[in-house]
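K.L.:
Let the hints inform the model, and build the full structure from the sequences given.
Respectively, the protein sequence lines represent chains A and B. Start counting the first sequence at 1; every next residue gets the next number (the working numbering). Start counting the second sequence at 1; every next residue gets the next number (the working numbering).
No lab work stands behind these hints, which were simulated from the structure alone. This one's a predicted model, so the numbers in the text were calculated from it and none came from an experiment. Virtual Cβ for every residue (Gly too), placed ideally from N, Cα, C. It is possible that part of the hints are untrue.
What the hints assert, rightly or not - Some chain B residues flagged as far from chain A (calculated, every beta-carbon gap over 10 angstroms):
| no. | residue |
| --- | --- |
| 1 | E142 |
| 2 | W352 |
| 3 | G384 |
| 4 | L439 |
| 5 | G450 |
Said to hold, decoys possible - Pairwise CB distance ranges, derived in the manner of DEER restraints:
| no. | chain 1 | residue 1 | chain 2 | residue 2 | range |
| --- | --- | --- | --- | --- | --- |
| 6 | A | L13 | B | E127 | 26 to 32 angstroms |
| 7 | A | V67 | B | A173 | 37 to 43 angstroms |
| 8 | B | S59 | A | L120 | 39 to 45 angstroms |
| 9 | A | L120 | B | P255 | 45 to 51 angstroms |
| 10 | B | A173 | A | T27 | 28 to 34 angstroms |
| 11 | B | I8 | A | D9 | 46 to 52 angstroms |
| 12 | A | D9 | B | P306 | 35 to 41 angstroms |
| 13 | B | P278 | A | G55 | 48 to 54 angstroms |
| 14 | B | P252 | A | T46 | 56 to 62 angstroms |
Stated by the list, open to error - Beyond 12 angstroms from chain A on every Cβ pair, some chain B residues (computed):
| no. | residue |
| --- | --- |
| 15 | A32 |
| 16 | A42 |
| 17 | T121 |
| 18 | E127 |
| 19 | P278 |
| 20 | Q279 |
| 21 | L359 |
| 22 | F370 |
| 23 | V391 |
| 24 | R422 |
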Amino acid sequence: MTPQGSGMDHLVLLAFVIIGCLFVPLTVTASHLLGRAKRDERKLDTYECGSEPVGPPWVQLRVGYYVYALLFVVFDIETVFLYPWAVAFNRLGVFIVVEMTIFIAILGAGLAYAWREGALRWR
Amino acid sequence: MSGLERLIPEGILIAGAIAVLLSGGARPSPRAGVGLGAAVAALSAIAALVVGTGEPLFSGALVFDDMAVTVRTAIGALSAVYLLWLSAQEPGPERRREAAVFVLLATLGGMLMASARELITLFIALELGTMPAYVLMGYRREDSRGLEGALKYFLLSMTTSLVMLYGMSLLYAASGSTAYDAIGVADPGLLGVFAVLFVFVGLLAKMSAAPFHYWAPDAYAGAPAVSVAFVSTVPKVAGTVAFVRLAAVLMPSVPELGVVFAVASLASIVLGNLAAYPQSDVRRLMAYSGVAHAGYMLLALAAATPAGYAAAVYYTLAYAVPSMAVMLVAAEEGTAVDDLAGLAARRPRHAWMMVAFLLSLIGIPPLVGFFGKLYVFLAAVDAGLVWLVVVAVLASVASAGYYFRLVRSMFFADAPEREAARPGALAGIALALCLTATLLAGAFAGELLGVLGLTF
Numbered sequence: 001m002t003p004q005g006s007g008m009d010h011l012v013l014l015a016f017v018i019i020g021c022l023f024v025p026l027t028v029t030a031s032h033l034l035g036r037a038k039r040d041e042r043k044l045d046t047y048e049c050g051s052e053p054v055g056p057p058w059v060q061l062r063v064g065y066y067v068y069a070l071l072f073v074v075f076d077i078e079t080v081f082l083y084p085w086a087v088a089f090n091r092l093g094v095f096i097v098v099e100m101t102i103f104i105a106i107l108g109a110g111l112a113y114a115w116r117e118g119a120l121r122w123r
Numbered sequence: 001m002s003g004l005e006r007l008i009p010e011g012i013l014i015a016g017a018i019a020v021l022l023s024g025g026a027r028p029s030p031r032a033g034v035g036l037g038a039a040v041a042a043l044s045a046i047a048a049l050v051v052g053t054g055e056p057l058f059s060g061a062l063v064f065d066d067m068a069v070t071v072r073t074a075i076g077a078l079s080a081v082y083l084l085w086l087s088a089q090e091p092g093p094e095r096r097r098e099a100a101v102f103v104l105l106a107t108l109g110g111m112l113m114a115s116a117r118e119l120i121t122l123f124i125a126l127e128l129g130t131m132p133a134y135v136l137m138g139y140r141r142e143d144s145r146g147l148e149g150a151l152k153y154f155l156l157s158m159t160t161s162l163v164m165l166y167g168m169s170l171l172y173a174a175s176g177s178t179a180y181d182a183i184g185v186a187d188p189g190l191l192g193v194f195a196v197l198f199v200f201v202g203l204l205a206k207m208s209a210a211p212f213h214y215w216a217p218d219a220y221a222g223a224p225a226v227s228v229a230f231v232s233t234v235p236k237v238a239g240t241v242a243f244v245r246l247a248a249v250l251m252p253s254v255p256e257l258g259v260v261f262a263v264a265s266l267a268s269i270v271l272g273n274l275a276a277y278p279q280s281d282v283r284r285l286m287a288y289s290g291v292a293h294a295g296y297m298l299l300a301l302a303a304a305t306p307a308g309y310a311a312a313v314y315y316t317l318a319y320a321v322p323s324m325a326v327m328l329v330a331a332e333e334g335t336a337v338d339d340l341a342g343l344a345a346r347r348p349r350h351a352w353m354m355v356a357f358l359l360s361l362i363g364i365p366p367l368v369g370f371f372g373k374l375y376v377f378l379a380a381v382d383a384g385l386v387w388l389v390v391v392a393v394l395a396s397v398a399s400a401g402y403y404f405r406l407v408r409s410m411f412f413a414d415a416p417e418r419e420a421a422r423p424g425a426l427a428g429i430a431l432a433l434c435l436t437a438t439l440l441a442g443a444f445a446g447e448l449l450g451v452l453g454l455t456f
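P.N.:
Next up, the structure:
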């Protein structure tokens with residue numbers, strides 16, 4: 001292991017850490033000191049992109065969304081792998097075909113399980 | 001591509017996990033699924049032994065030396081015994097078949113951990129070994145205490161993973177490589193020292209060594225004993241190998257690590273053995289006993305000799321088998337120490353097997369625990385850590401007290417009238433296999449250590 005960079009690099013890092021630590025307290029204190037403390041009801045309300053919030057924030061979402069999101073991520077990742085595979089397909093030969101088949105088969109088994117457990121049915 | 005046959009055990013585990021997941025019809029029998037899982041794990045253990053040693057794969061990311069073969073076989077066999085036991089239990093409300101799948105996947109991660117000699121490979125193997133553990137800790141979904149334990153385990157384990165990953169990234173920055181052969185060089189510099197410390201703080205926390213042990217008792221006490229039996233043993237064996245491999249590479253470049261390990265060892269042995277005394281829950285008691293045993297393992301590492309590294313791996317194997325067996329009996333009988341009351345009258349054979357497991361954990365000859373401790377102490381004395389060994393021996397003697405509380409409860413406490421647990425015969429066979437290993441592994445201690453020591 002050779003130490004890389006000079007002492008200057010570390011000074012920059014130190015300055016970054018110090019400024020980073022001071023930034024938030026300074027800005028919050030500054031706005032507290034400079035700003036006028038006029039708190040009306042609208043200002044203390046929950047920030048909701050300018051529109052008035054409706055109903056309680058603790059609404060329950062259907063658990064079905066969660067399962068769908070999970071399955072979606074699985075196949076999203078699969079596509080991420082499939083694109084470079086398709087691009088390099090010609091140069092890599094039979095081995096890569098077998099490998100990708102195994103990969104898709106494993107994901108397929110997961111989908112088959114989810115299907116059998118009824119996760120794909122919207123109830 | 002030649003050489004891939006060395007990954008046959010891992011292939012068997014993947015294919016087997018999928019087969020168990022998809023086994024049966026629309027209403028599959030959990031028992032058959034778990035039994036299939038046991039067969040898969042046993043097959044992978046046999047495959048690991050048959051395939052044997054060989055050249056490294058993937059530019060040295062996975063090695064297949066004697067230690068890898070020994071530990072992969074041991075992990076496969078332990079998982080097989082565990083699943084055999086699980087297959088004989090009365091089906092509960094939880095999903096047993098899926099549990100078997102996760103056990104197989106954790107075993108897969110453990111096997112890869114035992115072979116990994118590259119940082120990214122190690123990290124992925126480690127996560128593959130612990131992710132299923134999160135699920136196993138919380139798979140009784142209707143039990144809110146179990147979920148709390150699982151969440152604690154998940155958050156703390158993730159935090160330690162991230163600390164370790166940060167250390168790995170610094171290690172890469174300092175050395176320009178993630179291969180073990182390149183990360184340990186003569187002059188590490190300040191960055192290198194910090195990198196190494198981060199990596200080992202993460203690993204120490206994963207091994208539940210003091211002062212990073214605080215998560216273990218709470219997480220274990222919240223989780224079902226069935227899961228704790230697996231999670232607190234099999235991944236720990238694999239983790240020790242990863243720990244030992246990294247330490248063997250990095251200790252020459254950062255000699256201060258020896259002091260870190262010695263301090264952590266002392267703290268773990270003293271704190272673990274003392275804190276186990278007042279516990280009334282077998283899971284908490286075994287969690288603190290696990291802290292103490294992590295301490296003995298670290299004592300061997302602090303020696304920083306090939307004999308010490310081999311002794312550390314042998315020690316975790318010697319700890320894992322009886323510890324898993326004790327937790328399995330607790331899972332059948334109930335998790336409070338008082339639940340064991342009258343076990344000697346209800347199930348005398350189980351009570352006597354428990355005595356053997358507990359004696360091995362104390363370190364009484366001729367059981368495997370004695371030889372584990374013996375070789376750890378020998379390695380440490382050779383390295384000049386005499387005072388540490390004196391404390392460790394005294395603490396081992398003191399540990400007899402809380403292990404014997406379990407014995408007293410089984411043999412001498414007044415038992416309330418209750419139905420004896422009636423798992424299938426296979427559960428008894430699984431425990432008998434653990435007993436055989438506990439009795440016989442000590443007899444082959446010399447050979448095993450010789451094989452393990454060949455790696456260094």
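K.L.:
Holds or violated: is the Cβ of V391/B farther than 12 angstroms from all Cβ atoms of chain A?
P.N.:
34 angstroms, holds
K.L.:
Taking 39 to 45 angstroms as the hint, is the beta-carbon distance of S59/B and L120/A inside that range?
P.N.:
Because 41 angstroms falls inside the window, the suggested range holds.
K.L.:
Holds or violated: is the Cβ of L439/B farther than 10 angstroms from all Cβ atoms of chain A?
P.N.:
40 angstroms, holds
K.L.:
If you check the beta carbons of P278/B and G55/A, does the distance land in 48 to 54 angstroms?
P.N.:
Holds, since P278/B and G55/A (Cβ atoms, about 49 angstroms apart) stay within the stated range.
K.L.:
Is the Cβ of G450/B more than 10 angstroms away from each Cβ in chain A?
P.N.:
33 angstroms, holds
K.L.:
Over 12 angstroms to the closest beta carbon of chain A is the bar; see if F370/B clears it.
P.N.:
41 angstroms, holds
K.L.:
Could you let me know if the closest chain A CB is still more than 10 angstroms away from the CB of E142/B?
P.N.:
Its Cβ never comes within 10 angstroms of chain A, the nearest being 15 angstroms, so this holds.
K.L.:
Looking only at beta-carbon atoms, does the pair L120/A, P255/B fall within the given range of 45 to 51 angstroms?
P.N.:
This hint is violated: roughly 58 angstroms between Cβ atoms.
K.L.:
A32/B: least C-beta distance to chain A exceeds 12 angstroms?
P.N.:
Nearest chain A Cβ is 16 angstroms from A32/B, so the label holds.
K.L.:
Is the nearest CB of chain A more than 12 angstroms from the CB of R422/B?
P.N.:
30 angstroms, holds
K.L.:
Has the hinted range 37 to 43 angstroms been met by the Cβ atoms of V67/A and A173/B?
P.N.:
40 angstroms, holds
K.L.:
Could one say that the CB atoms of I8/B and D9/A fall in the range 46 to 52 angstroms?
P.N.:
48 angstroms, holds
In this structure, the one hint that does not hold is number 9.
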